[in-house]
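Engineer: Residue strings, one per chain:
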Amino acid sequence: MGFLYAIQPGLDQIHPDGPLREAAYSRHLEYFNTNPYFSPIVMGVILQLEERFSRGEIAEDIIHDTKEGLMTACAAVGDGFFWGAWRPFVAVVALALAFGNYLVTPIVFLVLYNIPPLYFRFRGVFWGYRLGTDVIRLLRRFQIQRARLALRYATIAMLCYLIPNHVNLHTPVLIANLPMEWFYIGEKLIQGLGASVLVGLAAVGYRAKIDVLMISFLLMLSALVLYHWGILI
Amino acid sequence: MNSLLTSAFIVALIGGVVDLDSTATWQFMISQPIVAAPLTGLFLGLSAGDLGAGLKLGLIVGAILQLVWIEQLPLGMNVPPDAALSSVLSVALGFLAGHQYATYVEREVCSTIALLLSVALGLLGRSLDMFVRRINTSISQWAELRLEEGKTWAPAYGHAAGGVCTFTKAFLFCFLVVLIGVEPLRYFTESLNFVQNTGFIVIQGLLPAVGFAVLASMCIQSRREFRFFLGGIAIFTVLPASIWLGLPLALVTGWVFTRSANGAA
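So the protein lines, in turn, are chains A and B.
Counting in numbering that gives the first Met the number 0, the first sequence runs from 0 upward without gaps.
Counting in numbering that gives the first Met the number 0, the second sequence runs from 0 upward without gaps.
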């Protein structure tokens, strides 16, 4: 129904009032689900197809088949890029800013994140309408796979910055045993090592399909126990 | 009681608006914890006269919750736990229960417990979300029937009705939770002693590790990337913890490694 709502003005312009328009409406009330930033592309293609159908150039079931094919293709590409690469990357950048106590973090996150979505959403309708099903070839020019790889490396790199610096691990052992000059580097080493061990354990647990919430719970329990023994402060 | 009602109302408004972005409309990502939590902190801080504390609490809670929920992706039909509502409510409970305490420790305890509760609230929010989706399906069928009778305004109204349903659900949920949740939280905090309080602070410092681990698992998909990761950690362990050094260095090394990588993702 949302899809119909979006293209209703277009359909009203293409088909004259009457049974043709109602047939068009009922065509687009079916199930529709794809990546939200790519749905304008599908809408543009469908509008072009509806126009060609009203001129009698193509058959009716082509519209349905194309919609279904595009739906899944756009969902695969869009979900993989946006949810898999872009949002995690912008999220780690925002996290680095947040842990550094910068209050502009949410605004930075919103502005930075929304640049590709708004671009695809706005231009997508025009691409779809002008190119029809050739729009897939246009999408290929964006080298989304390569972009995903680059974003993955960048996210990992940001994680390398975050993990040694923002997991708060302190041991009283150091204060007791090290002379003052070595304290800073010793503290950093302990924190880096401890954080890596912790993150490694949690990752192993995650790979072993233990639920994230259960891992958090176990972490908290062990933290409380270690705290009680005085190893952790 | 009056100020609690006003705060509950504000939180419910924010919760309603933010939840619309979650899957129903917009998708501008204001439903992400890292935006929704500081937003709540901002407005609650404004209404309580303590803007800085509200924002700071919102930021930290937002960061931690973002990490906890980072693996929840709305892939296809998947309905993730409601991170938006859980972050709004976590900040609300933590701030309203905690900001009157003079000591730092007790405020932190309130916020940590609120964090833990918020996870449960997120799961509850998901059940409510599924309920609203079922209502949306029947709205869709109603719109279809009206269209067959020739009323072309039906999709527009149905579309808006779906949005109204989502907003109302979030509004009521947030309002009720804030009204009934603040007092028990305060009572629980007062019943703990100092040692246990600082224990909570330790936990809060360690929680990000889980999120980092999940994100690392998601992103590292080859041996090369794993070696890159280990090397990166080693380097950043000895470098000073400045973001202006870390961010550019991280991005540049990431870019360099991508250029020299062979093959696609």
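These are calculated hints, taken from the structure and not from any lab test.
Among these hints, one or two may not hold up.
Claimed, not checked - Short derived list, chain B residues pointing at chain A, Cβ under 10 Å:
1. Gln26
2. Ala35
3. Pro37
4. Gly51
5. Leu122
6. Leu123
7. Ser126
8. Leu127
9. Val131
10. Ala142
11. Thr167
12. Ala233
13. Val251
14. Trp254
Stated by the list, open to error - These stretches of chain A come out as covered by chain B in the derived footprint (C-beta under 8 Å, 3 or more residues):
15. 37-45
16. 127-140
Unchecked claim - DEER-style ranges, computed between Cβ atoms:
17. Arg133/B <-> Leu137/A: 55 to 61 Å
18. Leu144/B <-> His63/A: 33 to 39 Å
19. Glu59/A <-> Ile134/B: 27 to 33 Å
20. Leu144/B <-> Arg140/A: 41 to 47 Å
21. Leu212/A <-> Met129/B: 17 to 23 Å
22. Glu59/A <-> Gln140/B: 37 to 43 Å
23. Val255/B <-> Val203/A: 52 to 58 Å
24. Leu229/B <-> Tyr183/A: 48 to 54 Å
25. Met213/A <-> Thr136/B: 30 to 36 Å
26. Leu220/A <-> Ala159/B: 32 to 38 Å
27. Ile57/A <-> Leu244/B: 56 to 62 Å
28. Glu56/A <-> Ser126/B: 27 to 33 Å
29. Val255/B <-> Glu56/A: 47 to 53 Å
Cβ atoms here follow ideal geometry from the backbone N, Cα and C, with glycine treated the same way.
Engineer: Now tell me if each hint is right for this structure.
Structural biologist: Here's how the hints hold up against the structure:
no.	hint	in the structure
1	Gln26	holds (5 Å)
2	Ala35	holds (8 Å)
3	Pro37	holds (5 Å)
4	Gly51	holds (9 Å)
5	Leu122	holds (9 Å)
6	Leu123	violated (13 Å)
7	Ser126	violated (16 Å)
8	Leu127	violated (18 Å)
9	Val131	violated (14 Å)
10	Ala142	holds (5 Å)
11	Thr167	violated (18 Å)
12	Ala233	holds (8 Å)
13	Val251	holds (8 Å)
14	Trp254	holds (7 Å)
15	37-45	violated (count 0)
16	127-140	violated (count 0)
17	Arg133/B <-> Leu137/A: 55 to 61 Å	violated (38 Å)
18	Leu144/B <-> His63/A: 33 to 39 Å	violated (21 Å)
19	Glu59/A <-> Ile134/B: 27 to 33 Å	holds (32 Å)
20	Leu144/B <-> Arg140/A: 41 to 47 Å	holds (44 Å)
21	Leu212/A <-> Met129/B: 17 to 23 Å	holds (19 Å)
22	Glu59/A <-> Gln140/B: 37 to 43 Å	violated (23 Å)
23	Val255/B <-> Val203/A: 52 to 58 Å	violated (29 Å)
24	Leu229/B <-> Tyr183/A: 48 to 54 Å	violated (23 Å)
25	Met213/A <-> Thr136/B: 30 to 36 Å	holds (33 Å)
26	Leu220/A <-> Ala159/B: 32 to 38 Å	violated (47 Å)
27	Ile57/A <-> Leu244/B: 56 to 62 Å	holds (59 Å)
28	Glu56/A <-> Ser126/B: 27 to 33 Å	violated (48 Å)
29	Val255/B <-> Glu56/A: 47 to 53 Å	holds (51 Å)
In summary, the numbered hints that this structure violates are 6, 7, 8, 9, 11, 15, 16, 17, 18, 22, 23, 24, 26 and 28.
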